[in-house]
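**Q** Sequence:
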Amino acid sequence: MIKYDRFWVTMKERGITQYDLYEHYQITRSLLDRLRKNKNVEIYTIDRLCSILHCEIEDIVEHVPEPDEKNEHTEKASEKNNPYSEDKKNSL
Numbered sequence: 005m006i007k008y009d010r011f012w013v014t015m016k017e018r019g020i021t022q023y024d025l026y027e028h029y030q031i032t033r034s035l036l037d038r039l040r041k042n043k044n045v046e047i048y049t050i051d052r053l054c055s056i057l058h059c060e061i062e063d064i065v066e067h068v069p070e071p072d073e074k075n076e077h078t079e080k081a082s083e084k085n086n087p088y089s090e091d092k093k094n095s096l
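Read in order, the letters of the sequence shown correspond to residues 5 to 96 in this note's numbering.
In case anyone wonders, no lab produced these hints; they're calculated from the structure.
As the structure is a computational prediction, the values presented were derived from the model and not from experiment.
Virtual Cβ for every residue (Gly too), placed ideally from N, Cα, C.
Keep in mind that the hints are not guaranteed to be accurate.
Derived DMTMM-like pairs: lysine to aspartate or glutamate, alpha-carbon spacing no greater than 20 Å straight-line [said to hold, decoys possible]:
{"no.": "1", "residue 1": "16", "residue 2": "72"}
{"no.": "2", "residue 1": "43", "residue 2": "66"}
{"no.": "3", "residue 1": "41", "residue 2": "9"}
{"no.": "4", "residue 1": "41", "residue 2": "51"}
{"no.": "5", "residue 1": "43", "residue 2": "62"}
{"no.": "6", "residue 1": "16", "residue 2": "27"}
{"no.": "7", "residue 1": "16", "residue 2": "37"}
{"no.": "8", "residue 1": "7", "residue 2": "46"}
{"no.": "9", "residue 1": "43", "residue 2": "9"}
{"no.": "10", "residue 1": "41", "residue 2": "66"}
{"no.": "11", "residue 1": "41", "residue 2": "62"}
{"no.": "12", "residue 1": "7", "residue 2": "62"}
{"no.": "13", "residue 1": "7", "residue 2": "27"}
{"no.": "14", "residue 1": "43", "residue 2": "70"}
{"no.": "15", "residue 1": "41", "residue 2": "70"}
{"no.": "16", "residue 1": "7", "residue 2": "72"}
{"no.": "17", "residue 1": "7", "residue 2": "17"}
{"no.": "18", "residue 1": "7", "residue 2": "63"}
{"no.": "19", "residue 1": "7", "residue 2": "60"}
{"no.": "20", "residue 1": "16", "residue 2": "66"}
{"no.": "21", "residue 1": "16", "residue 2": "60"}
{"no.": "22", "residue 1": "7", "residue 2": "51"}
{"no.": "23", "residue 1": "16", "residue 2": "70"}
{"no.": "24", "residue 1": "16", "residue 2": "51"}
{"no.": "25", "residue 1": "7", "residue 2": "70"}
{"no.": "26", "residue 1": "16", "residue 2": "62"}
{"no.": "27", "residue 1": "43", "residue 2": "63"}
{"no.": "28", "residue 1": "7", "residue 2": "37"}
Here are the computed distance ranges between Cβ atoms for each label pair [claimed, not checked]:
{"no.": "29", "residue 1": "21", "residue 2": "46", "range": "18 to 26 Å"}
{"no.": "30", "residue 1": "19", "residue 2": "70", "range": "30 to 38 Å"}
{"no.": "31", "residue 1": "33", "residue 2": "68", "range": "21 to 29 Å"}
Between the sequences and the hints, there should be enough to build the whole structure, so can you do that?
**A** Here it is, written out as structure tokens:
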């Protein structure tokens, strides 16, 4: 899941308000709402926000694995390291 919590922190650190964004930089209120709700935002828009805030993408966007993704990754890693997994049994 992509989260934009860092965007709000960066905005506050830079002293830029939501009003500044839509009044001076033509960032729509609907875009701010999408960011608030962690919805899809185009990479072009994220690039614009980085330019406005003079920051890196990591200061706006964060990837947080879904619980399913964490379990899937852990299971694959444990299977890979398990000498008794199905794949290794067949090769013996």
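**Q** Taking the hints in turn, state whether each one holds.
**A** Here is how each hint holds up against the structure:
Pair hint residue 16 plus residue 72 does not hold up; C-alpha atoms about 33 Å apart against a cutoff of 20 Å. In summary, the hint linking residue 43 to residue 66 is supported, as the alpha carbons are separated by about 13 Å, within the 20 Å threshold. At roughly 10 Å between alpha-carbon atoms, residue 41 and residue 9 fall within 20 Å of each other, so this suggested pair holds. Restraint check: the Cα-Cα separation between residue 41 and residue 51 comes to about 19 Å, which is no more than 20 Å; the hinted pair holds.
Under the criterion of a C-alpha separation no larger than 20 Å, the hint pairing residue 43 with residue 62 is consistent with the structure, at around 17 Å. Between residue 16 and residue 27 the alpha-carbon distance is near 17 Å, which keeps this suggested pair within the 20 Å criterion. Pair hint residue 16 plus residue 37 holds up; C-alpha atoms about 17 Å apart against a cutoff of 20 Å. Between the alpha carbons of residue 7 and residue 46 the distance comes to roughly 13 Å, so the proposed pair stays at or under 20 Å and holds.
Taking the CA atoms of residue 43 and residue 9, the gap is near 12 Å; set against the 20 Å cutoff, the hint holds. Distance check on the hinted pair: residue 41 and residue 66 sit about 14 Å apart at the alpha-carbon level, within 20 Å; holds. At most 20 Å may separate the alpha-carbon atoms for a hinted pair to count; residue 41 and residue 62 meet this at roughly 18 Å. Between residue 7 and residue 62, the direct Cα distance comes to roughly 11 Å. Compliance with the 20 Å bound is thereby established for this hinted pair.
Only pairs whose Cα atoms come within 20 Å are accepted, and residue 7 paired with residue 27 is rejected, the gap being roughly 24 Å. At most 20 Å may separate the alpha-carbon atoms for a hinted pair to count; residue 43 and residue 70 meet this at roughly 15 Å. About 16 Å separates the Cα atoms of residue 41 and residue 70, which keeps this hinted pair within 20 Å; it holds. The suggested pairing of residue 7 with residue 72 holds, with an alpha-carbon distance near 17 Å, which does not exceed 20 Å.
The suggested pairing of residue 7 with residue 17 holds, with an alpha-carbon distance near 18 Å, which does not exceed 20 Å. Distance hint between residue 7 and residue 63 is fulfilled; the C-alpha atoms sit about 11 Å from each other, no more than 20 Å. As the CA atoms of residue 7 and residue 60 are separated by approximately 15 Å, the hinted pair is consistent with the 20 Å bound. Our distance criterion of 20 Å between C-alpha atoms is met by residue 16 and residue 66, whose separation comes to about 17 Å.
At roughly 15 Å between alpha-carbon atoms, residue 16 and residue 60 fall within 20 Å of each other, so this suggested pair holds. This hinted pair checks out: residue 7 and residue 51 have alpha carbons roughly 16 Å apart, not beyond 20 Å. Restraint check for residue 16 and residue 70: the C-alpha separation of about 27 Å exceeds 20 Å, so the hint is violated. As the CA atoms of residue 16 and residue 51 are separated by approximately 18 Å, the hinted pair is consistent with the 20 Å bound.
At roughly 11 Å between alpha-carbon atoms, residue 7 and residue 70 fall within 20 Å of each other, so this suggested pair holds. Distance check on the hinted pair: residue 16 and residue 62 sit about 15 Å apart at the alpha-carbon level, within 20 Å; holds. Only pairs whose Cα atoms come within 20 Å are accepted, and residue 43 paired with residue 63 is accepted, the gap being roughly 17 Å. Between residue 7 and residue 37 the CA atoms are separated by roughly 13 Å; this keeps the pair inside 20 Å, and the hint holds.
Checked against the given bound of 18 to 26 Å, the beta carbons of residue 21 and residue 46, roughly 23 Å apart, stay inside it. One distance hint, 30 to 38 Å for the beta-carbon pair residue 19 and residue 70, holds here, with the actual separation near 34 Å. With their beta carbons about 25 Å apart, residue 33 and residue 68 fall inside the hinted range of 21 to 29 Å.
Hint compliance for this structure: hints 1, 13, 23 are not met, and every other hint is.
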